[in-house]
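**Student:** Here's the letter readout for the chains.
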Amino acid sequence: MGSKVCAILADGINTAYHGLPVLQRFSLQVPEGELLGVFGPNGAGKSTLLKVCLGLVPPVSGNMRICGYRMIRENVPFVRKLTAYVPQSFDVDRRMPVMAAEVVMMGRFGRMGLFSRPGPNDHLAAGNALDMLGVGHLAERAFGRLSGGEKQRVIIARGLAQEPRVLLMDEPTNSLDWESQRRICRLIREVHTDRKLTTIIVSHDIDLLADTCDRIVLMEQGCIVMERDPSEFRHCCRGQAHS
Amino acid sequence: MMDLLQDVFMRHAILATFLAGVTCSCIGVLVVTMRISFIGVCMSHAAFAGALLGIILGVNPTVTALLLTLVSAGILGPLADRGNFSPDTSLGIIFSSSLGMAFLLLSIVPGPKTEALGLLWGNVLTVGRTDIFILAAVALAIVVLLRLFFKEIQAVVFNREMALASGIPATAVFYGILVCSGLTTVASLNAIGGLLVFSLIINPAAAAYQIASDLRSMFLISALFGVLSGWGGLWLSCLLNLPSGALIIVFSTLIFLGAAAFSSLARSRRNSVAVPYLKGERE
Ligand SMILES: Nc1ncnc2c1ncn2[C@@H]1O[C@H](COP(=O)(O)OP(=O)(O)O)[C@@H](O)[C@H]1O
Ligand SMILES: [Mg+2]
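Taken in sequence, the protein lines are chains A and B. When we follow the working numbering, the leftmost residue of the first sequence carries the number 1, and every step to the right adds one. When we follow the working numbering, the leftmost residue of the second sequence carries the number 1, and every step to the right adds one.
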């Protein structure tokens, strides 16, 4: 192992759904503290990549390490506590009897373990996360009745309340209006600089990734086909689009 | 009324409706919020069919009911998990096929069919000591489990994938909930009946869903509605001399309608006061 531990180290990962391959000999290294953007068309396997990082989709073959821990059965519950996940879609009924503050507190539940109740530390972490995402005033509101952008911010706050070492976000600005998109981007960037949190953002919005990330990779058909700095990346993709 | 209370059957009935009301409505909160009612329907029919099978084979109906219920949970849980399951169609298919199965078994039952029919409609006025003990044990177990694992249950109810991803044993919680709903159905079979128990699971919880603002209060409101339905139905059945199970369901449906009307009224009033210029509801 080098001087700097890789937060995420994927080596020759293959995955399949019902026999259909998705990730194919996929390899990726994300050093600690990096903000990585994953760009690519629908069906490229971006969401699947994040799910493999969380042990939600088991790889058929290959090696995955998160913060140095191999993703084997015994390690999965532990690794999940180190990684926070903002899924691509979370369909929650409008009437769901859960308040925004409770949603954020749920981020702590995994770390707290069974049979324990939220203590002062948990309330502090949840409160900080709410404030950081600017949703403190929504704490007492029913989650199901918030707007799309508010929900998204609450879910990101839930991830931060977990105090993770790795943050995985799947299309965090999808279905948001332009202004909310900008706002979420800025927040992600702020959180990243503030906590030096290793972050992966999956998106098919080039501008979002170029404005936010340290490095961007392009995924197609389960492989990384290109890897660039944000400024070059925008240029390359534009070029491709025109050709 | 005092005479009625002194009657041992009546005392049993009051206790049984209380216990069944609490258990069914608490399980109902989970079934309603997790949108797994199709699994619940199937399990209540499986319990009924299982009990009939027990009668036919001459073994304890409660045991066979429990077995068949758990088997159906074991089949439906993974199917629902894999997502190759559209609740709407499956509800139709499962409802009709499990009901057909139950009626088929009913026609095979030898001799007089009173016991078998009793399982269909239930009768709180004939529940015995054993039934009450079983109901009490299941009620206690469920209340204790809800308290012990409240935060895990809350996270799973909110979103199972996110709960799992944050290190909560969401799969175990999900299957635990399925097993508990199976136990509840089986325990309520004699008192409420295999056809009706599912309404007592859904109606009070659906009513509480209209008004509760957090999960804890939803459990409390739902339990209150469940007990009210049970006692209300029992009272009506004494008054009108009609089957108790059916009246319990009628009562719980009335409570649901009341709650739905109350919540839509409250919301329209709130909206018209706070934002008079908004036509529709804000998303
Ligand atoms: N649960 C699933 N079952 C079967 N196929 C799936 C499932 N999830 C994703 N897929 C398939 O895997 C491929 C990659 O999906 P995904 O990782 O979601 O892509 P992306 O997020 O890049 O759009 C797609 O072809 C999709 O149809
Ligand atoms: Mg995706």
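What the hints contain is simulated information worked out from the structure, not anything from laboratory work. Ideal Cβ positions, reconstructed from N, Cα and C, are used throughout, including at glycine. It cannot be assumed that every hint is accurate.
Stretch by stretch, here's where chain B covers chain A in the computed footprint (C-beta under 8 Å, at least three residues) [claimed, not checked]:
id : stretch
1  : 69-75
2  : 221-228
Which residues of chain B face chain A? A few of them, derived with a C-beta cut under 7 Å, are [to be verified]:
id : residue
3  : 151
4  : 212
5  : 218
Far from chain B, some chain A residues (derived; all Cβ distances over 10 Å) [stated by the list, open to error]:
id : residue
6  : 102
7  : 110
8  : 177
9  : 178
10 : 187
11 : 196
12 : 205
13 : 210
14 : 231
**Student:** Could you tell me which of the numbered hints above are not met by this structure, giving the numbers in increasing order?
**Tutor:** Failing hints, ascending: 1, 2, 6 and 7.
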